[in-house]
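Add chain B with the ligand to chain A, keeping to what the hints say.
Sequence lines, in order, name chains A and B.
Under the working numbering, the first residue of the first sequence carries the number 96, and numbering increases by one thereafter.
Under the working numbering, the first residue of the second sequence carries the number 2, and numbering increases by one thereafter.
In case anyone wonders, no lab produced these hints; they're calculated from the structure.
Check each hint, because a few of them may be wrong.
Said to hold, decoys possible - Here are the simulated SDA-like pairs of lysine to any residue, each with C-alpha atoms no more than 20 Å apart in a straight line:
1. A:K488 - B:V22
2. A:K313 - B:E113
3. A:K308 - B:V112
4. A:K488 - B:P23
5. A:K488 - B:D28
6. A:K308 - B:D116
7. B:K52 - A:V151
8. A:K147 - A:S171
9. A:K147 - B:D50
10. B:K52 - B:R197
11. A:K488 - A:P359
12. A:K308 - B:D28
13. A:K259 - B:E194
14. A:K147 - B:D28
15. A:K308 - A:N398
16. A:K313 - B:V112
17. A:K147 - B:R197
18. A:K488 - B:R27
19. A:K313 - B:R109
20. A:K308 - B:G117
21. B:K52 - A:A150
22. A:K488 - B:P26
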Amino acid sequence: MSGTFLGMPSLPVFGIGNLHEHEPFPKAARRELGNPQLRANLGHATRTIRDKRLAVVSELPDWEELREAGRAIKESVMTRLPELLEEFEANFTARGGTIHWARDAGEANSIVAALIRDQGATEVVKVKSMATQEIGLNEYLEEQGIAAYETDLAELIVQLDHDKPSHILVPAIHKNRSQVRDIFLREMEGVDPELTNEPARLAAAARAHLRRKFLSAKVAVSGANFALADSGTLAVVESEGNGRMCLTLPETLITVMGVEKLLPGWEDLEVFMQLLPRSSTGERMNPYTSLWTGVTPDDGPQNVHLVLLDNGRSAALADEMGRSALHCIRCSACMNVCPVYERTGGHAYGSTYPGPIGAILSPLLTGITAEENNSLPYASSLCGACYDACPVKINIPDILVHLRGEDVDSKRGKNRRKRAMPSQMDVGMKAASWALSSGKNLGLVEKALPLGRLAAGPDRKITKLPGIAAGWTQSRDIPAPPGQSFRQWWNKEHRAARPDAAPAAGTDAAGTDAPGPGSAGTEENP
Amino acid sequence: MNARADILDRIRSALRDAPAVPEVPRDYRRSSGLGGEELIELLTDRLLDYKANVFIEEAAAVPQRLAALLEGTGRYAVPHGLAESLFAEADAHDGGSGRRVTDAPGQRLSVEELDGIDAVVTGSAVAVAETGTIILDAAPDQGRRVISLVPDRHICIVRAGEITAILPEALRRLDGTRPQTWISGPSATSDIELERVEGVHGPRTLDVVIVRG
Ligand code: SF4
Chain A
96 MSGTFLGMPS
106 LPVFGIGNLH
116 EHEPFPKAAR
126 RELGNPQLRA
136 NLGHATRTIR
146 DKRLAVVSEL
156 PDWEELREAG
166 RAIKESVMTR
176 LPELLEEFEA
186 NFTARGGTIH
196 WARDAGEANS
206 IVAALIRDQG
216 ATEVVKVKSM
226 ATQEIGLNEY
236 LEEQGIAAYE
246 TDLAELIVQL
256 DHDKPSHILV
266 PAIHKNRSQV
276 RDIFLREMEG
286 VDPELTNEPA
296 RLAAAARAHL
306 RRKFLSAKVA
316 VSGANFALAD
326 SGTLAVVESE
336 GNGRMCLTLP
346 ETLITVMGVE
356 KLLPGWEDLE
366 VFMQLLPRSS
376 TGERMNPYTS
386 LWTGVTPDDG
396 PQNVHLVLLD
406 NGRSAALADE
416 MGRSALHCIR
426 CSACMNVCPV
436 YERTGGHAYG
446 STYPGPIGAI
456 LSPLLTGITA
466 EENNSLPYAS
476 SLCGACYDAC
486 PVKINIPDIL
496 VHLRGEDVDS
506 KRGKNRRKRA
516 MPSQMDVGMK
526 AASWALSSGK
536 NLGLVEKALP
546 LGRLAAGPDR
556 KITKLPGIAA
566 GWTQSRDIPA
576 PPGQSFRQWW
586 NKEHRAARPD
596 AAPAAGTDAA
606 GTDAPGPGSA
616 GTEENP
Chain B
2 MNARADILDR
12 IRSALRDAPA
22 VPEVPRDYRR
32 SSGLGGEELI
42 ELLTDRLLDY
52 KANVFIEEAA
62 AVPQRLAALL
72 EGTGRYAVPH
82 GLAESLFAEA
92 DAHDGGSGRR
102 VTDAPGQRLS
112 VEELDGIDAV
122 VTGSAVAVAE
132 TGTIILDAAP
142 DQGRRVISLV
152 PDRHICIVRA
162 GEITAILPEA
172 LRRLDGTRPQ
182 TWISGPSATS
192 DIELERVEGV
202 HGPRTLDVVI
212 VRG
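This is chain A alone, in the form it adopts within the complex (with noise of 0.2 Å):
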């Protein structure tokens, strides 16, 4: 199908996975401010990388000009779009690759899954990707048999401590190496006891972990950094080698990618290899960059398939003032700069677009309405550091201070897109608002508490729960509620010890003491 659109327009239909918060950004970067471990590794790593950053950056005479390039160059692949697709499909298909649409993340969750077991295999190891990060794969292939290795360093830090990432580029960044070492110590089978500390030390034990892994694996899954339509490329930056080995050791590779990965061609490359090793890991050069086309006869791979993800990127890209968020190319320089993260880290923002970034991209992928995303566009100082380190010049604080205004306007019923159909969100919010206004009404919910332990199992949790709260449960379990309430409990405990007491009734805020967006001390410059 190609030619100019002529249907209705459709309503944007949203991402799922792992893009939401879990709490309110307020509450979780209160709780994690609480640790002083964490704040001082995080803020020795971002100083580092900074500093890194503005000196291979400013060697540059022609920074500002690459700068503007790569903006243009995103601005017009978001514009033509779904001619680049179609390009950029033809020629990977000519090339010997096949190619797989997916509208969210269930989808290309089986379709990965599908693959894998057409050959016949119960394990893959992986390259860092964020994309199969935001769509929960590794979480989806375990349930159904299949185990998913990450053999990036900082990843495989991360899962050995059934951790979650919490920075884009360096996952494991709240770790420091004694932290590391007393990990590998614990998890990694046939480690050296005596390991020390000493991050060579530590790097060699992941090699000698790995190593049969890449030699025997049939099948690797990777993300990619960029993917061009003139030629049906693709290309994967990375340090470790362990890239090179999942896109060359095995028999079937499977990418997964967004939809706005693209650029037109070869010569943009040249633009975007300079912007990002410099903006991401403060380096001239990333030690590792490799490109591949479709299958290449007796050299890697010749099973070669790639996986086109929406998952909310195209309602993302019907938001004017939002879908510049699009052009981000992934180097996280925005979170380094960012005086909000190097003080809560990355897991305070729930979903796997930390940072800056993430405080806008996962509203747009999601939704304002979606969950508690509508107060990660509060977790910012608006003070454009952000802007001012972005290579690709995206402007968050305007994109912020835009989804400040939909979250009030959807609120308040202004928003288009609301107003023509209550989301779940918007109907919880009334609920919740009701049930809040007075002590009476919060009884009669409270009343209703052991129907969530139905929902839940023996086990106490609750796995799955239906419409929007379907993404928050597809990776978590949340406890089921308890079988009373605070306020229940304390009547029976003091005001049934108390004869003169009223009855249950009144203004009592207990349970309500959850911050509004903005109110836990994020607004202001430190």
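Just chain B with the ligand now, with coordinates in the frame of chain A:
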């Protein structure tokens, strides 16, 4: 509707405001005035910064350099397109070509074989002095991607004529559809406290022989 049609429709619908396609200003440097010795010097400086080892040689001295570098290593792999004469000196030391294994069409080295090999010697397609980058494009003197990956030491020959100053100049000399590996120093990680450590999964030692003339 199938997923493809659906996604393309959603994207077209998202663009119904018909945003204008912007001009792309390419005012960045696309060529440089550098040449000859300046390029060799700059490339050397950048490679040393990445902790690669650099040797600058006249063409006639390359076999001797290779023999010296290979001294003490076990077996080493070479792609079939690399001139045999480069190894005359090493072979003389060995009393034959016993340590050398060639990866050739129809005679491919398996991954297991490569895992048992200590080093690989390859040529290169083009280099970028400013960023210290050497680009391999799987031509016959560079071989399949896997041979320069699995052995722990990569000895890479860069002819002076291949060196460009900046990335746009280098990419103009390449065909984007060939499988490419861009190499800027030995494998490294900065994942632990952002301290750069050389040597993770790729070759932990990178020796670069720059050939003058
Ligand atoms: S928004 Fe800009 S600075 Fe932030 S990760 Fe994306 S490209 Fe980098």
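Hint check results:
no. : hint            : result
1   : A:K488 - B:V22  : 17 Å, holds
2   : A:K313 - B:E113 : 14 Å, holds
3   : A:K308 - B:V112 : 12 Å, holds
4   : A:K488 - B:P23  : 15 Å, holds
5   : A:K488 - B:D28  : 16 Å, holds
6   : A:K308 - B:D116 : 13 Å, holds
7   : B:K52 - A:V151  : 17 Å, holds
8   : A:K147 - A:S171 : 31 Å, violated
9   : A:K147 - B:D50  : 14 Å, holds
10  : B:K52 - B:R197  : 11 Å, holds
11  : A:K488 - A:P359 : 19 Å, holds
12  : A:K308 - B:D28  : 46 Å, violated
13  : A:K259 - B:E194 : 17 Å, holds
14  : A:K147 - B:D28  : 25 Å, violated
15  : A:K308 - A:N398 : 19 Å, holds
16  : A:K313 - B:V112 : 12 Å, holds
17  : A:K147 - B:R197 : 12 Å, holds
18  : A:K488 - B:R27  : 16 Å, holds
19  : A:K313 - B:R109 : 18 Å, holds
20  : A:K308 - B:G117 : 16 Å, holds
21  : B:K52 - A:A150  : 19 Å, holds
22  : A:K488 - B:P26  : 14 Å, holds
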